[in-house]
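Colleague: As a plain string of letters, each chain reads:
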Amino acid sequence: MGMAEAILLTIATAATPLLLAAIGELVVERSGVLNLGVEGMMLIGAVTGFGVAVTTGSAWLGVFAALIAGALFSLLFAFLALTMVTNQVATGLALTLLGIGVSGMVGEAFVGLPGVKLTNIYIPVLTDLPVVGRLLFGQDPLFYISIALVIGVSWFLFRTRAGLTLRSVGDSHSSAHALGIKVIKIRYLAVMFGGACAGLAGAQLSLVYTPQWIENMTAGRGWIALALVVFASWRPWRVLIGAYLFGAITIVQIYVQGTNLSELSHWPIALFKLAEVVKAIPSQFLSALPYLATIVVLVLISRNKRLTMMNTPASLGQPFVPDR
Amino acid sequence: MTTSLTSSRSDLLDVRGLTKVFGSLTACNRVDLTIRQGEIHALLGENGAGKSTLVKMLFGSLEPNDGQIFWKGQPVRIANPSAARSFGIGMVFQHFSLFEALTAAENIALSLDADSPIHSISERARDLSHSYGLPLDPESLVGDLSVGERQRIEIIRCLLQEPDLIILDEPTSVLTPQEADKLFETLERLRDEGKSILYISHRLDEVKRLCDGATVMRHGKVVAHCDPRKETAASLARMMVGADVVTAHSEPIDLSGAPELLGVRDLSRKPAGPFSIPLKNISLSVRSGEVFGIAGVAGNGQGELFEALSGEAIQERAESIQIRGKAVGRMNISQRRMMGAAFVPEERLGHGAAPRMRLSENLLLTRHATDGRALVGRGGVIKTTAVDAASQRVIKEMDVRKSAPDPEAAALSGGNLQKFIIGRELDRQPTVMVVNQPTWGVDAGAAARIRQALIELARSGSAVLVISQDLDELFEISDAIAVMHNGELSKPIPRAQATFEKIGLLMGGAEPGHADHPEVA
Amino acid sequence: MRIELVKRPGQSKLFSVLSPLIAFGLTIIAGAILFAVLGKNPATALYTYFIEPLTEVWSVHELMIKAAPLILIAVGLSVCFISNNWNIGAEGQFVMGAIVGSLVPVMFPQFQNAALLPLMLVMGMLGGAAYAFIPAFLKARFNTNEILTSLMLVYIAQLFLDWLVRGPWRDPSAMNFPQAPRFSPAATLPELFPADGRANRGFILAIVAALLVWFMMSRALKGFELRVIGQSPRAGRFAGFSSSGIIFFSFLVSGALAGLAGISEVSGAIGRLQPQISPGYGFAAIIVAFLGRLNPLGIVAAGLVLALSYLGGEAAQIAVGVTDKTVRAFQGMLLFFVLACDTFIRYQIRIVPMAPASAKPVEAARGNG
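Protein chains in written order, with the numbering used here: chain D, 1 to 324; chain A, 1001 to 1521; chain Z, 2001 to 2369.
One chain only, chain D, in its complex shape:
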């Protein structure tokens, strides 16, 4: 397997947790709710998935448990922000802090334990194809789930009545309520869906990407996922593009840090000189690339005021108290 193929495979693995978390949050925000607790929900999913997988020996049970855990954890947010109408920004932060704390606490027992990896799928003939075989037909199951989710969410939002209703709630919850649409119920469901997706994203980290439990292993991916939703202007297919872009940035800088210059001695002189320069950059600066890229991307997308105004769900983050 050549280096290019290896890089592409790891890009997909790096992009998948971002994609899972972001597509879930996209649905949440389309319903008008801003849940900043993605990082916390991902950690809960990661620690639950790991713990259940190690205890039962089954990675799939771990994935399933992570999904449930993420959804249940998000219920805390939903109760506070939707029923008790607390400030959504503060509540989301609280969810993240709680998630970091609880996952650290629960995960202490799992530090250093060898993980259970979710095995990649294998389809006879197809997976053995050169180049595309492993790329398209030999990835881990969560990769396929993430792609399926993008297709599913896109179809749901724009081709079904229920999706239209959800979008209307995000556009104007007061108008939706006046029409008899059950705003709070729809938002509860959306938040739980987002929680389940974040749980899956965390499971991917601890059962596929690493697979281990390390405290705070999301390292800011939850926040990047939030930025991706903005970057994608709340459209599912653009979230896919953004996730893979960021996956690429993450992987490329890891490869750069990990490669030995002597391995590249067969490269043409110009490229080799470039590689020398890049290798001279301190590793910390390279590690900072994804975070820098997030800032740049956010600035670029918010500069276009009309795009923002036309696509942002108008009631995003606004408190809603129905009068009955």
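It is worth saying that the hints were derived from the structure and are not from the lab. A quick note: this is a predicted structure, and the numbers were derived from the prediction, not measured. Glycine included, C-beta positions come from ideal geometry on N, C-alpha and C. There's no promise every hint is true.
What the hints assert, rightly or not - Here are the computed distance ranges between Cβ atoms for each label pair:
1) D/G152 with A/D1127: 31 to 37 Å
2) A/S1131 with D/R306: 33 to 39 Å
3) Z/E2004 with A/P1177: 56 to 62 Å
4) Z/F2111 with D/M309: 49 to 55 Å
5) Z/I2029 with D/G112: 32 to 38 Å
6) A/D1144 with D/I121: 44 to 50 Å
Since the structure of chain D is already known, use the hints to place chains A and Z on it.
Modeller: Frame of chain D, contents of chains A and Z only:
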């Protein structure tokens, strides 16, 4: 409860003792109402009488605390709008329940319960709109539509349900006189088809023209049932308000030789956002002692004009706006206030006042820079005693009713808050006063008081500019009236020469000085 | 059966005071349950956590050491949050303040006089403020979400510090430990009561900052400006206040205070620059700010409470055998309860049974009506 033996039409809706309480406020107090089949019934009352609350209960948006509703003779419980729709009750809201980022067809689909696909709803909507003379493009984005066009969506989606009773809440408040006539034709046609209409309004001439039955509410209670055709406008008004209505009194004055205090020269402004209206070459002049009225249907640039005048939007050319002869176009709002100008915007809560701040703090909102060291001392320290005193002075002067000594702005009724906001500015004795919708949503008593205050301010030598959608009001207090349409301002017409018809045509955009509006009926 | 919120006509004064107390009480109860689940005696654990640190003088000093940065940062955050500017990057501004404040002692170690410490503190404030300028500028100019930008900058700041102390600023005599040289006495924040414990003047700085900001928020026009812009931006513009001016003001003040906390911590409690200089103060300060109801005086008390939770966690680790990770969990729970209890300030809660049916109601007929 059963069909009356003497009436030729059966009772469609019979409401007995309906009550709704919000905390300590009884919005509806044992209301009785009867509508027969094929009747256009008026629900009369001034702002705050409880009409909207009653009607929301009929449509299932609110749950009554007590009372009974009988529909076609049977007692019913209307649990939610879906239930209301399946009974055959449809409603066109005053404040539209529309989704700006969705198309007209999607908006209509959301209010229908059937699971029919969007494109068939789109077709039916288009056909219905044409047959009733209310043309509508189902694929247009609501955010791009004018107010009148948005109302058509509300009406069409109501009609698609084939209701037996249609409730309309203040439908003409957003229409030109000509568009209102078209609406009345549609309503009369519906009545002839055997439908009933519950028409909520505080416009007495409309009610007299259209309706054959009326229920009058005041302060949450029903005070009369009558036939409007047999009453005069004055008797109806007396029922609504409970006393003889005081209209503001304005003697015509001689303005020759009076200096111009507020001048606008060729003001143009690009649209501020995707749904904003551009302003095109607006010019006007308001002299000392004059009340200058600007008429126009909502959404024709009034808000944009207000922001340009107030300084919330700075102009490129300083001379485009002149206060007391000085070019102020590039000055911000605080600087314009220091020049003696005062501004009252359309939206009370969230713009003219901060809802969760107390009245005294809201006084400071516009007066922190203009009163020298009286309210804010050295180093920016607020003099709370002085601020409280000023606030109490305004409250007393304008007779602001409230339940606590210094309550939050949101706790006041619309009329009382508006009195405070206007009083806050009058207390400064401004040389120039610009007001946008002075009495929107305000009860008759407070409205009369506000209008009188504006006239008196003008007569004391100030220049007053009033932007309003209420033609009656403008005819009551203005010395001259100009009309805004599509961001352009017509030439002013002295009040003595102005008629409703003339102004109405200008509002619809058909007169020299405007491009012909394609939709004029 | 459903829960219904009825808006109060004004803010409930009673609940404004009670809410943090109730929240704390609920956290204690939740903590007791947590300990019981972990198999520890709840009473002993809670005692070790919250009471014991208060019983010894030296540990009260430790309390002040931990509380000082929390209070400093949280006071700055309150200015931001009240004006609806969500500065989540205080942790990064803390780090940058520490770095910039350490510039002189690390790069010019021969500069030793009475002016050194004040210079460091001022530079720390400037460093924090300059770093906070970035998200402020991006929000004011490009309308970019400040939560995400300030947060990304935290990771960048931490990586920058890591590079500095492992690279250019590494102490050659430290035997491969990644750290900068120890600060000289002239560069160290002096202690308050040296005989009894380690508490240093950082605590004084925190109290002074709290008093100054409290005065500004409650008595000065600037405070009024911040509150109006935060609650009703359009009314604020109508008043002639500048939204973008407030963005810069709040972020710069907050950044300066966080930077001051950073250099104080490094020159006082730690004594040198090293890769880890904060156990998450920038984030814990968010909780302090809310627990203190965004009021600087309340924040002083709240800062002490959260400092207590840090100390308690360390003590409980030794005495009860519970992991010190419980600290973060406790803090998260506390914020949750604070937010939930705050609802009671603005709303009354009512449990409403389904509306009573009228006599013999006829349910809506289905189908085209």
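Colleague: Work down the list of hints and note, for each, if the structure agrees.
Modeller: Results of checking the hints against the structure:
1. Range check, D/G152 to A/D1127: about 35 Å between beta-carbon atoms, so the 31 to 37 Å window is met.
2. The beta-carbon spacing between A/S1131 and D/R306, approximately 37 Å, falls within the hinted interval of 33 to 39 Å.
3. Z/E2004 and A/P1177 have their C-beta atoms about 43 Å apart, which leaves the hinted 56 to 62 Å range violated.
4. Judged by the Cβ atoms, the range 49 to 55 Å given for Z/F2111 and D/M309 holds: they are separated by roughly 53 Å.
5. Our hint of 32 to 38 Å for Z/I2029 and D/G112 holds, since their Cβ atoms are close to 33 Å apart.
6. Look at A/D1144 against D/I121: about 48 Å separates their beta carbons, and that is inside 44 to 50 Å.
When the structure is compared with the earlier hints, a violation turns up for hint 3 alone.
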